[in-house]
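Knowing the structure of chain A, use the given hints to seat chains B, C and D on it.
Residue numbers (our numbering), protein chains in the order written: chain A, -1 to 135; chain B, -1 to 135; chain C, -1 to 135; chain D, -1 to 135.
In short, the hints are calculated from the structure, not lab data.
Where hints are given, some of them may not hold.
Since the list can't tell identical chains apart, any single copy or any two copies may satisfy a pair.
What the hints assert, rightly or not - Okay, derived cross-link-like pairs now, DSSO-like style, lysine-lysine, Cα gap no bigger than 30 angstroms in a straight line:
| hint | residue 1 | residue 2 |
| --- | --- | --- |
| 1 | K105 | K87 |
| 2 | K20 | K3 |
| 3 | K87 | K20 |
| 4 | K105 | K117 |
| 5 | K102 | K117 |
| 6 | K102 | K20 |
| 7 | K3 | K102 |
| 8 | K117 | K87 |
| 9 | K3 | K117 |
| 10 | K3 | K105 |
There are 4 protein chains.
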Amino acid sequence: MGASKAEITAFLAREFQRTQAKCEIGEVSDRSATIIYHTDHNDLRPGGTVSGPTLMLVADVALYVAILGTAGLIPLAVTTSMTLNFLRKPAGDREVIGDCRLMKVGKTLVVGEVWLYSKGIDDPVAHAVGTYAIPAQ
Amino acid sequence: MGASKAEITAFLAREFQRTQAKCEIGEVSDRSATIIYHTDHNDLRPGGTVSGPTLMLVADVALYVAILGTAGLIPLAVTTSMTLNFLRKPAGDREVIGDCRLMKVGKTLVVGEVWLYSKGIDDPVAHAVGTYAIPAQ
Amino acid sequence: MGASKAEITAFLAREFQRTQAKCEIGEVSDRSATIIYHTDHNDLRPGGTVSGPTLMLVADVALYVAILGTAGLIPLAVTTSMTLNFLRKPAGDREVIGDCRLMKVGKTLVVGEVWLYSKGIDDPVAHAVGTYAIPAQ
Amino acid sequence: MGASKAEITAFLAREFQRTQAKCEIGEVSDRSATIIYHTDHNDLRPGGTVSGPTLMLVADVALYVAILGTAGLIPLAVTTSMTLNFLRKPAGDREVIGDCRLMKVGKTLVVGEVWLYSKGIDDPVAHAVGTYAIPAQ
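Same shape as in the complex, but just chain A:
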């Protein structure tokens, strides 16, 4: 059974204090989640764009939140792979939105995709596909 937005927010606050401060859960439901990431100067690259590793962080959190929303509060799920394609320069002065949809929820592997956006701009800035391993229960 999946966890609620309030349960996941409390769980992340406990487990990932630092990331949590910048990552807000927009929505979470069975097999999907939306993350709003509040960029600051630590996320920027020359030219006022958002760094690739920051985009990966948002994709990773969006996937993790979608998994928690689907399968419940699993602390030991770990990322096993991620493929990112960078499509357009993100705007450094806007929040990053990560929209995740799970493709497969297996017993040991979960696969999902994440579209990344600069808030308020239609064209995506990046796309990610990631895999999490779920520990045997």
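Okay, now just chains B, C and D, sitting in the frame of chain A:
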């Protein structure tokens, strides 16, 4: 013509002040580079391991430094894709080593792989393959 | 300007006789294409499932057709990368459907995703993200 | 315990008759394998080059053979993901060589990389990273 280690260090210090503080260039030569990344508490995840986005950052910098060492100081090269496979938990109390070797240096695309290690431990913690687009000169 | 379905079908028949025999274009429009692939015994694996390389072939053709439908008949576009995630066993006795949507159409690089299905079954069997390089004109 | 070259050859001949006819095992040992693929006109693309899906097939077989050589004859291992980067045009009149090295052999997941070559030419034509899921025993 490729840039030297001193030239690249000065270039990164100018362009990427913040990252540079934690990323040291171990070696750089034609088509390869080694990066030593000094982890701190900002890079850690619960369980004392290094976060995935930090590993991606090291892979990205290693690729970029190998490109600068091969093709010279190109400020506008941008990452277009990256695939990471996470193999083992990195030790949070060790530096991360990124060993990059370029596979292909084309006119518009450069492809390389990066093996990531916890310093002093033989088995790699992750593997990355990334692509940079080189702007037309 | 993009090419029409009839133009692309004729072009593929000329250039890729063999593949074309098994690949039918369902739809093609600006930035998207659907391919119907007629599997035969050469595509099967033990257990009556469709082989991974056959799925890659369908993904590759779907991407190529979407590019031709968007940018016109470019014979020299070449695949530079592809990432596939295999989600469920495809049914060996059904056609494979490849649904492609382009994410980015740049001057030198095109990136798209392809969802692969066993015809008539809702859950996708695989997902692909691929990149084509477009030669300078 | 890993299987020998003769055991794996017999196993593949039984399970994958068709592929086996074109795939010869060069070497197999703990965590590595080399495959020699005999291309024919079915593998070619316009311009006399080898198709991407053929390269994926060679990568997939090389990974599978390395797994069998490491963990024994596991018929139910399945590919869960593969990322290919195409580096240079393969020569259509040469065999394709696939050199696989496993990066991680876990209880449920195996990850490996494969370098693909046109036989007798030093520069690789493609690079693949793939993951197999190993069924619980």
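For each hint, the structure was consulted:
In this homomeric assembly, K105 and K87 come within 30 angstroms of each other (Cα to Cα) only across copies, at 15 angstroms, whereas the closest approach inside a single copy is 37 angstroms. Taking identical chains as interchangeable, the C-alpha atoms of K20 and K3 lie at most 30 angstroms apart only when both belong to the same chain, with a minimum of 16 angstroms there against 35 angstroms between chains. With identical chains, the CA atoms of K87 and K20 are at most 30 angstroms apart both within one copy (20 angstroms) and between copies (24 angstroms). In this assembly of identical chains, K105 and K117 lie within 30 angstroms of each other by CA distance solely across copies; the values are 25 angstroms between and 34 angstroms within a copy.
Proximity of K102 and K117 under a CA criterion of 30 angstroms is satisfied in both settings, with 27 angstroms inside one chain copy and 18 angstroms between copies. Both within a single protomer and between protomers do K102 and K20 lie at most 30 angstroms apart by alpha-carbon distance, with minima of 28 angstroms and 28 angstroms respectively. In the homo-oligomer, the alpha carbons of K3 and K102 lie at most 30 angstroms apart inside one protomer (21 angstroms), although the nearest pairing across protomers, at 33 angstroms, exceeds that limit. Only within a single protomer do K117 and K87 lie at most 30 angstroms apart by alpha-carbon distance; the minimum there is 13 angstroms, versus 33 angstroms between protomers.
Within a single copy, K3 and K117 get their C-alpha atoms as close as 21 angstroms, which meets the 30 angstroms cut-off; across copies the closest is 36 angstroms, which misses it. Proximity of K3 and K105 under a CA criterion of 30 angstroms is satisfied intra-copy only: 23 angstroms inside one chain copy versus 33 angstroms between copies.
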